[in-house]
Structure formats: structure tokens, C-alpha cells
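Model the full assembly from the supplied sequences, consistent with the hints where possible.
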Amino acid sequence: MGQWLPGKHICVVGTARPEQRNPIYLTHELIVLILVVERETGEIVGCDINMVCSLTREFIKSIFEGKNLIQDMEEIRECIQENYFGASAKTLVMAARSARMKLLDCLENRKTEHQ
1 MGQWLPGKHI CVVGTARPEQ RNPIYLTHEL IVLILVVERE TGEIVGCDIN
51 MVCSLTREFI KSIFEGKNLI QDMEEIRECI QENYFGASAK TLVMAARSAR
101 MKLLDCLENR KTEHQ
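Residue numbers (our numbering): 1 to 115.
If you are wondering where the hints come from, they were derived from the structure by calculation, not from laboratory data. Quick caveat, the model's predicted, so the values are computed rather than measured. For every residue, glycine included, the Cβ atom is placed at its ideal position computed from N, Cα and C. Check each hint, because a few of them may be wrong.
Unchecked claim - So the derived label-pair ranges between C-beta atoms look like this: (1) 20 with 108: 19 to 27 Å; (2) 109 with 21: 36 to 44 Å; (3) 55 with 109: 32 to 40 Å; (4) 4 with 62: 31 to 39 Å; (5) 7 with 112: 17 to 25 Å; (6) 58 with 4: 16 to 24 Å.
Printed below as a string of C-alpha cells:
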């Protein structure tokens with residue numbers, strides 16, 4: 001658990017709907033990926049996800065933390081595809097893209113507010 005400072009860090013939440021035959025759909029209906037990101041750099045400093053097993057959550061956390069949500073999306077996608085063989089792999093990539101879009105929107109809105 002990190003020491004996060006509002007203003008320096010922001011929390012972005014990406015969501016994606018898994019296929020109905022996916023076990024996560026039965027418990028949550030949505031994958032919710034929560035990322036704490038350094039506002040100035042885009043570096044991911046914290047991660048959580050609503051997967052059922054704690055081991056899966058920890059593994060996914062290791063994929064995201066230390067990466068840059070703005071610049072490293074392709075690396076994140078490849079890492080998921082090459083290392084995570086759960087039924088939710090494609091949905092996880094979609095949730096990451098959703099979080100990235102929210103971050104970019106936030107940064108763009110902040111930029112236009114300060115002009």
C-alpha cells in the first residue's frame with residue numbers, strides 16, 4: 001500500500017464487461033480495474049481489481065505497477081497476453097484501455113482549465 005497524495009496522484013477506474021460465460025461475470029458482471037497514477041508522469045503506483053482470487057489480484061497488480069499508463073499501453077497489453085491465461089484476459093485489456101482513456105481525458109480537461 002503506497003502513500004498517495006491527492007493532487008500528486010489520481011485514481012482512475014477502468015471497467016469492462018466480460019462474456020456471460022466467464023466466471024467473473026457471475027459474481028461481478030464487470031471487471032473494475034482501479035489504478036492510482038502519478039498525475040504528472042502517468043506512472044502506475046497502485047493497482048487493485050475485483051477478481052475473485054487474491055493470487056490473481058496480486059499477479060495483475062505486478063503487471064501494472066511501475067508501468068506508465070500513458071506510454072506503456074502496448075507493453076501492458078503484451079504482458080497480459082503473454083503471461084495471464086485467465087478467461088478475463090481480453091476483458092482486462094479493455095479495462096486498462098478504459099482507465100487510460102479516463103486518465104487522458106482528465107489530463108486534457110486539466111490542461112484546458114489552466115489555459
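### Message
When the structure is checked against the list of hints, which entries are broken? Sort them ascending.
### Response
1, 4
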